[in-house]
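Chemist: Chain order of the listed sequences is G and S. Numbering-wise, my numbering puts 8 at position 8 of the first sequence, and it's gapless, one number per residue. Numbering-wise, my numbering puts 26 at position 26 of the second sequence, and it's gapless, one number per residue.
None of these hints come from the bench; they were simulated from the model. Among the clues, some could well be false.
Capping the alpha-carbon separation at 35 Å, the derived lysine-lysine pairs in DSBU-like fashion look like this [claimed, not checked]:
1) S:262 <-> G:168
2) S:198 <-> G:289
3) G:47 <-> G:195
4) G:107 <-> G:168
5) G:26 <-> G:12
6) G:289 <-> S:325
7) G:195 <-> S:262
8) G:315 <-> S:325
9) S:274 <-> S:325
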Amino acid sequence: MIDFTLTENDQKVLNAVREEGLVARKYARHFDENEHEFPPDELEEAKDFPPTLGLMLQRGPNDTPLGTMSMLLSAGQTWGDYSVRMRRGKGGLGNAALQAAGTPEQKQKWGHLTLAMAITEPGCGSDPSQVQTTAVLDGDEWVLNGEKIFVTTGCRAEGVIVWATLDKSAGRAGIKSFLVEKGAPGFVVAHKEKKLGIRADDTAAYVFQNCRIPRGNLLGGDESIPKQGAGGFRGVMATFNMTRPAVAALGLGMAEAALDFTREQLREAGFEVDAYGAGLHSQSAVVAKFQRLEALHEAALLTVLRASWLGDQRKPNNLEASIAKAKGGAAVREITQGCIEILGPLAVSREHLLEKWFRDVRITDIYEGTGQIQHLIIARQILGYGRAELR
Amino acid sequence: MISFGPTEEQDLVVEAVRSFATEVLRPAARAADETETLPEDVLQQAWELGFAATQIPDAYGGAGEARSPVTSALVLESLAYGDAALALAVTHPAAFAFAVLDQGSEDQKRRYLPLFTAERYHAAALALTEPTPAFDARALRTKAEPKGDAFVLSGTKSCVPLADRASHFLVFAQSGADAQDAFIVPRDAAGLVIEREKNLGLRGLPTGRLTLERVEVSAAERLGGERGADLRRLLDSSRAASASLLVGLSCAVMDYAIPYAKERRAFGEFIAQKQAIAFILSDMRVETDAMRWLTWKAASQLEQGLVATRAAQFAHAYAAEHAMKIADDGLQVLGGHGFIREHPVELWYRGARTLSVLEGAATL
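Make the full structure from the sequences, and use the hints.
Modeler: What follows is the structure, encoded as structure tokens:
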């Protein structure tokens, strides 16, 4: 049955996440202005907040399915703050890749580590087939050489999944992923990137200089090498079906915070911002504009929930994942830009967090595939085209 | 519990309606638009699908299935995929029937519902919109003044669907500064003048202008009788219904533009292979999804008896904006052919603009 209501159990978890988010938000400005500091793994207030896991476990088959729920939880967390969390969970993007492409032994061996994912290089971002980092087998060791940038959680991570090519002339088919643990010889965390937004977030640049790792650190094992075509590449790309809607959810959480702040300010100023259903002509332009942004938020969030719900039903959701990411990334830009326009000078003051949300959300239309890459994926699917027909 | 899964029964209904829309409505659409005439056989065929009758209780001669705004939303989208004007023509009687069913007095249900469970297509209409700039459904110019045991209606209504044939009109009027009521007015009421209109789009749907010059109706014809009716809810339902139709129309545009772009060549390749065109098409795919989920949300809130005002506004406003853009873009993808009446895209372009300003043309 088509239904958009949250159960009592769903609501309890979300309320708890929101309460934690409000606490985290108190630290948001500090870590934004002090970029070199890392937010703590656990806030001191955590002792007063039982872990939400208990509430999650109370949910059953009649509650919103887990994947869909996790989108709402992600949005709930970033509604508080993007970088500061009551408790920082383990795991990074690399963990998803390990689960998608690792052998059972590799999952067993490294599953407990927080793993970052290093794909982007100074000269290649959206087109990872152009990876220049090389991997050469030397006896029982792989030797890696190259540079990686924009590595999310790159400083904190205990290890990283690195994309490198065995044979540049082979294009995508030559690219394999390798697990490199921190401390491997020749692996240097060069610096923490300085950014427009999500400043407290740990984004690193790596250098691999004759970095030697054991032969067994090739993700998927030796048998992944002789495969013809881009099978291994696709395997890792499939990770994105899960992460793309989640990234949209992160942005939408911050956009919702921006809308909530704007609504509160308008309400205090006497605008009838909660009056819905009036003819558009009897509304003030400000309220009409605000409600339009609210509708946009709702529309984008629903595409995210749709993609994750399909995943919950174990149905294909590659197209819907890209729809969610494309829609979410574009929507949060328009929403936060629009909120600033509505509130005017008040909104650009660093006394409030709106200007920070405006900066923070901007990344969600870039990382995990830009909006344009998502549109390329969507277009190929609806047109029945491959990369040869639509470049 | 959040779910995007229609019931198995709804899946079957959608499948049946969708094939009716593509096999019967779509082929009849152009002629209906050109001649501004409704194909009577199509109306009767659609009537037999039982859009109104299935949700009317058996006490009044219907099939007695539960009222389901969600099912209605799915049906409207599917019908509008065929043609929006004909979709309105075949479902508009149900808008009248559902208003009586959901909000009418027992006496009104007994008197009017059997009209819609009969074998022959029967027309009745909602008269809501008015020919005034910046029309606002919450502040009507049409007035209802009490006079003894009756009400006197004065004002003008426009874009009233099926005005050429409706036996009764549900006329919305301002009955006080903040109060609105709806009244059932028979076609032959003294003081009621009906004129045929000619419109930009949806020409296959005959609409009319009603001039009410001190039309007197008995208090028993006030929707809901003595307790009146919740017209806000009716408006919410109408907005969500419009959104459903706009989703169907938008999907029709998208599914027409895609194969065209894959066949049309320019500069040595198909135009769909150019990102400038491909991204217009992918944007259609994104927005038709977004519109549909907003519409489903409003419909499901209506079904669950929740206040759906916010959700219905969002669905309608969003769908209106994006359907217009999609029809506009679809026309652009076809280029000159989009401007030629041999292709249906110009019809959808006019339809999108018309549909989004018609309130009360359909309900869920």
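Chemist: Run every hint past the structure and note whether it holds.
Modeler: Structure-based check of each hint:
Among the hinted pairs, residue 262 (chain S) with residue 168 (chain G) is consistent with the structure: their alpha-carbon atoms are about 34 Å apart, no more than 35 Å. Proposed proximity of residue 198 (chain S) and residue 289 (chain G) is supported: the alpha carbons are some 33 Å apart, at most 35 Å. At roughly 32 Å between alpha-carbon atoms, residue 47 (chain G) and residue 195 (chain G) fall within 35 Å of each other, so this suggested pair holds. With a CA separation close to 28 Å, the supplied pair residue 107 (chain G) and residue 168 (chain G) stays within the 35 Å bound.
Our distance criterion of 35 Å between C-alpha atoms is met by residue 26 (chain G) and residue 12 (chain G), whose separation comes to about 22 Å. Distance hint between residue 289 (chain G) and residue 325 (chain S) is fulfilled; the C-alpha atoms sit about 18 Å from each other, no more than 35 Å. For a cut-off of 35 Å, the pair hint linking residue 195 (chain G) to residue 262 (chain S) is broken: about 42 Å separates their Cα positions. With a CA separation close to 30 Å, the supplied pair residue 315 (chain G) and residue 325 (chain S) stays within the 35 Å bound.
Our distance criterion of 35 Å between C-alpha atoms is met by residue 274 (chain S) and residue 325 (chain S), whose separation comes to about 20 Å.
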